[in-house]
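Generate coordinates for the entire structure from the input sequences, incorporating the hints supplied.
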Amino acid sequence: MSRLVIESGRSHREYWRDLWRYRELFYVLAWRDITVRYKQTAIGVIWALLQPLLTMIIFTVLFGHVAKMPSDGMPYPLLVLAASLPWQFISASLSSASQSLVGNSNLISKVYFPRLIIPASAVVTATVDLLISFVLMAAMMVWYQDWPTWRIVFLPAFILLAFLAALGPGLLITALNVQYRDFRYIIPFVIQLGFFISPVGYLSSTVPDKWRMLYSINPAVGVIDGFRWALLGGHNTIDPRGFILSLVVTAVLLWVGIAYFRKMERTFADVI
Amino acid sequence: MTDNVIHVENLSKKYILRHQSSGHSRYVALRDVIVQKAASLFQRGPQVDREEFWALRDVSFDVKKGESVGIIGRNGAGKSTLLKILSRITEPSGGRIEIAGRVSSLLEVGTGFHPELTGRENIYLNGAILGMKRAEIKKKFDEIVAFAEVEKFLDTPVKHFSSGMYVRLAFAVAAHLESEILIVDEVLAVGDIQFQKKCFGKMEHITESEGRTVLFVSHNMDLISKLCSKAILLKAGRSVLFDAVDKVTHAYLSEANANSGKFVAANSTRCLRLVEIDKEALKKEKIVLKIGFRFSMKVSNPTFGVVVYTAGGVPVFGSNTMYHPPSSQIVHGSEGEVVVTFNYVPLWSGPYTVSVWLSDGWTAIEHEEAALMFEFVSINTPLNAPAAKYVGPVHLPAQWTVAV
Numbered sequence: 001m002s003r004l005v006i007e008s009g010r011s012h013r014e015y016w017r018d019l020w021r022y023r024e025l026f027y028v029l030a031w032r033d034i035t036v037r038y039k040q041t042a043i044g045v046i047w048a049l050l051q052p053l054l055t056m057i058i059f060t061v062l063f064g065h066v067a068k069m070p071s072d073g074m075p076y077p078l079l080v081l082a083a084s085l086p087w088q089f090i091s092a093s094l095s096s097a098s099q100s101l102v103g104n105s106n107l108i109s110k111v112y113f114p115r116l117i118i119p120a121s122a123v124v125t126a127t128v129d130l131l132i133s134f135v136l137m138a139a140m141m142v143w144y145q146d147w148p149t150w151r152i153v154f155l156p157a158f159i160l161l162a163f164l165a166a167l168g169p170g171l172l173i174t175a176l177n178v179q180y181r182d183f184r185y186i187i188p189f190v191i192q193l194g195f196f197i198s199p200v201g202y203l204s205s206t207v208p209d210k211w212r213m214l215y216s217i218n219p220a221v222g223v224i225d226g227f228r229w230a231l232l233g234g235h236n237t238i239d240p241r242g243f244i245l246s247l248v249v250t251a252v253l254l255w256v257g258i259a260y261f262r263k264m265e266r267t268f269a270d271v272i
Numbered sequence: 001m002t003d004n005v006i007h008v009e010n011l012s013k014k015y016i017l018r019h020q021s022s023g024h025s026r027y028v029a030l031r032d033v034i035v036q037k038a039a040s041l042f043q044r045g046p047q048v049d050r051e052e053f054w055a056l057r058d059v060s061f062d063v064k065k066g067e068s069v070g071i072i073g074r075n076g077a078g079k080s081t082l083l084k085i086l087s088r089i090t091e092p093s094g095g096r097i098e099i100a101g102r103v104s105s106l107l108e109v110g111t112g113f114h115p116e117l118t119g120r121e122n123i124y125l126n127g128a129i130l131g132m133k134r135a136e137i138k139k140k141f142d143e144i145v146a147f148a149e150v151e152k153f154l155d156t157p158v159k160h161f162s163s164g165m166y167v168r169l170a171f172a173v174a175a176h177l178e179s180e181i182l183i184v185d186e187v188l189a190v191g192d193i194q195f196q197k198k199c200f201g202k203m204e205h206i207t208e209s210e211g212r213t214v215l216f217v218s219h220n221m222d223l224i225s226k227l228c229s230k231a232i233l234l235k236a237g238r239s240v241l242f243d244a245v246d247k248v249t250h251a252y253l254s255e256a257n258a259n260s261g262k263f264v265a266a267n268s269t270r271c272l273r274l275v276e277i278d279k280e281a282l283k284k285e286k287i288v289l290k291i292g293f294r295f296s297m298k299v300s301n302p303t304f305g306v307v308v309y310t311a312g313g314v315p316v317f318g319s320n321t322m323y324h325p326p327s328s329q330i331v332h333g334s335e336g337e338v339v340v341t342f343n344y345v346p347l348w349s350g351p352y353t354v355s356v357w358l359s360d361g362w363t364a365i366e367h368e369e370a371a372l373m374f375e376f377v378s379i380n381t382p383l384n385a386p387a388a389k390y391v392g393p394v395h396l397p398a399q400w401t402v403a404v
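Taken in sequence, the protein lines are chains G and W.
Using the numbering used here, the first residue of the first sequence is number 1, and each one after it goes up by one.
Using the numbering used here, the first residue of the second sequence is number 1, and each one after it goes up by one.
No lab work stands behind these hints, which were simulated from the structure alone.
Computed from a predicted model, the values in this text were never measured in an experiment.
Misleading hints may appear alongside valid ones.
In silico lysine-lysine, DSBU-like type, Cα no more than 35 Å apart, as pairs [claimed, not checked]:
1) G:K39 - W:K140
2) G:K39 - W:K14
3) G:K39 - W:K198
4) W:K159 - G:K39
5) W:K140 - W:K226
6) W:K139 - G:K263
7) G:K263 - W:K152
8) W:K152 - W:K138
9) G:K39 - W:K133
10) W:K139 - G:K39
11) W:K298 - W:K284
12) W:K226 - G:K263
13) W:K138 - G:K39
Here are a few chain W residues that face chain G, going by a calculated C-beta distance under 8 Å [to be verified]:
14) Y15
15) S87
16) L125
17) E136
18) K138
19) H324
20) P325
21) E369
We put the beta carbon where it would ideally sit given N, CA and C, even for glycine.
See below:
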C-alpha cells in the first residue's frame, strides 16, 4: 500500500514521480481545453487555419512585394508560412500558459495535483493548432511544388524546441500572475514586441551581422530558423552561433521558469 | 504505526495576514509591492501591517482503518485548513502527517465541471480531477449515471442542466471514488430532499459496509453522529477533544453555548432583548423561559412564540401567546418581559435548543434561531438508555404487560 508523508517542504522530493503519476489528469485537462476551444463555434478548427493563412497573404504582399525583402530564391508565401506557424504557436502558448493558473483557480484551491500540469496542458492545446495548420503548410508546398528534403525528419525536434521556448517564460509568468495580476497586461505587450524582433516576415539573414548575436537572444529566432531549415528546401541555412545562443537562452528560461514555478507552487492555493 | 491509516503529529499551519489599508482588491498589485518595499527602506522597526495567524496549531490524532471521523468546530476553527493539508492542496508550516493508502478528497461538489462540456464529458473530466483512472470511470460510468438520474441528458452541455441535475451528477461522480481514504467537506447538503437522502444513504454505505476510512466535516451534528464513530473538536486551530462521536458533539454543543441558557441581543434596535432559561426550574425538569422585549417599532398585535428543538434541529414542541394567551395583554410600545412555563416536560436527557420569535399575529418580525441551548436531565432516562437520536426525544409514559 502506498504511504504518503506530508511535511513542510516535503513535496519537493517526489515531485517528478508525482508528475508522472498524474499524467492522466494532464491528458484530460489538455483534452478539455481542446474540446472547449471549438465548442459553439461556427467554423470550428478552420480558425486554426485562417490565422496563418491571412498572415501569409498580408506578409507576402507587405514584405515580399511592397518592401521587396530578399527571399533567397524561395517563394515568399512559403517563407512566411514556415515562420508564422512556429511564431503563432509560441505566442498562443505563451499567452494561454500565462493565464492558465489564474483561469483554473477553482481547481487549484480544491484539488491536489502537481500544478505544472496546468500550464503544460495549456501549451499542448496550442500544439494541436500547430499540427492542424501544418495541413495548410503541406497544401502550399504542393502548390509551389516545393518538396521537403531529408531535413524534415528534424521537424519534431524543432516543435519540441518551440514547446520548451514557450513553456519556460510561460511558467515564469503564470506563477508571477498568481501573486501579481499585473503580468496579464505584460503578455500581450511582450508578444507584440516579440513579433517585431522575430524573423516572421523576413529572413533572419537580412539582419546585419553585427546585430545578429543580439538578435538571436530571442529564443523564437532559433525556433523559426529551425522550422524554415527543416521544412523548406533551397540553401536555407542556420547560423550556428546564433542558433546555439537561442538554445542556451531557451534552456536558461526553462530552468528559471521551472525553478520559480516550483518555489511558488507551494503557496498557490493560499494566494490564488 | 500499526493499523493507523492516518497519523497526524503536531500539525501546524501559519498564514501571514496582510492588512491592506488601500482598496479591497483581492490580489496584490506589483505597484503596491514596489511602493511598500521602497517605503520600508525608510522605515524603522518591524512592519506593522503583517500579522501571523495560526490556522492550526499542534494538532495530533490517529485514525484507524475503517474508522469514520467527524471534524467539528465553529467557523474559522481550522476544519477546512486541516482538510486542505490532508488533501495536499496546501502545505503545513510544521508537523507531520503519514497516510497509508490512496486519498480522495471531496471539498466541493463538481470541482472542475466545465459548462460547455456535456454530462458524459464532465463525468470523465471530474473523475480525472478527483483522481480516478480512465478505466475506473469507464467501469463505473453506468452506475454514476443511474445514481445521478441524468440518463436523458448525457449529451447535453451541463450549462443547460438545472442546478439540481448539476449537483446530482457532481455528487454521483464523487460518490463512486474508490480510494481507501475519503475526505469530505460539507457537501451533502445538495439537491432536493430525496436526493439528499440518497446521498446520505450512499455515505452511510461507504462508511459502514465498505469499511473505508472517512474524514467528514459538517456543521450538522445529527449527520456527524450518524455517519461517524469518532470526532475531533477543533477550537481556534487546536484540537481540544478527540473521542467517541457523541461525547464530542455534546461537548461542541454545550461549548457553543458556553454562556449558555442565555441570549442577549447584540443590536440595540432588536425587539427581542433577552432570552433566558431558568436553571433552577430545569433541575426540577421544568422549562421556564423568560423573554425580555422592548418594542423599537410599531407592532400592532405582539405575539411571542418559542420552539424547542433537538440538537439535530428537529422541532419537538412549542408554544405561543396565541395558542396559550397570557393572563394580561402585551401592550404595544412598552418594554418588559414575558415568561413561558412548561411544567410537564416528557423529554429524554440530552441537549436541546430553543428558538424564539415575535410576530404581529400574522408575519414574523423577529426570529432568533437557536437563541439558546440547554441540557435537559431527566431522572427517567436510564443510564444505558439508547440515545434520543434513536428513539426520538419524547419520553411518554408507557405500560408494558407480559403474558407468558
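Okay, the hints, checked on the actual structure:
Distance hint between K39 of chain G and K140 of chain W is fulfilled; the C-alpha atoms sit about 27 Å from each other, no more than 35 Å. The suggested pairing of K39 of chain G with K14 of chain W is violated, with an alpha-carbon distance near 43 Å, which exceeds 35 Å. Restraint check for K39 of chain G and K198 of chain W: satisfied, since their Cα atoms lie roughly 34 Å apart, inside the 35 Å limit. At roughly 13 Å between alpha-carbon atoms, K159 of chain W and K39 of chain G fall within 35 Å of each other, so this suggested pair holds.
The straight-line distance between the Cα atoms of K140 of chain W and K226 of chain W is roughly 27 Å, inside the 35 Å bound, and the hint therefore holds. Between K139 of chain W and K263 of chain G, the direct Cα distance comes to roughly 38 Å. Violation of the 35 Å bound is thereby established for this hinted pair. For the proposed pair K263 of chain G and K152 of chain W, the alpha carbon gap of about 46 Å is over 35 Å, so the pair is violated. With a C-alpha separation of about 18 Å, the suggested pairing of K152 of chain W with K138 of chain W holds against the 35 Å cut-off.
A C-alpha spacing of about 25 Å is found between K39 of chain G and K133 of chain W, which places the hinted pair at or below 35 Å, so the restraint holds. Restraint check for K139 of chain W and K39 of chain G: the C-alpha separation of about 27 Å stays at or below 35 Å, so the hint holds. Proposed proximity of K298 of chain W and K284 of chain W is contradicted: the alpha carbons are some 38 Å apart, above 35 Å. As the CA atoms of K226 of chain W and K263 of chain G are separated by approximately 43 Å, the hinted pair breaks the 35 Å bound.
Taken as a hint, the K138 of chain W and K39 of chain G pair is honoured in the structure, with Cα atoms around 24 Å apart against an allowance of 35 Å. Restraint check, Y15 of chain W versus chain G: the minimum CB separation of about 7 Å is within 8 Å; hint holds. Contact between S87 of chain W and chain G, as hinted, is supported at the beta carbon level, the nearest pair being about 5 Å apart and thus within 8 Å. Annotation: interface hint on L125 of chain W holds; nearest CB of chain G at approximately 6 Å, less than 8 Å.
With its C-beta approaching chain G no nearer than about 10 Å, E136 of chain W sits outside the 8 Å limit, and its interface hint is violated. At a threshold of 8 Å, the smallest CB-CB gap from K138 of chain W to chain G is about 12 Å, leaving the interface hint violated. A distance limit of 8 Å between C-beta atoms decides the matter here; for H324 of chain W the minimum to chain G is near 50 Å, and the interface restraint is violated. A distance limit of 8 Å between C-beta atoms decides the matter here; for P325 of chain W the minimum to chain G is near 54 Å, and the interface restraint is violated.
For E369 of chain W, the shortest C-beta to C-beta distance to chain G is roughly 30 Å, which exceeds 8 Å, and the interface hint is violated.
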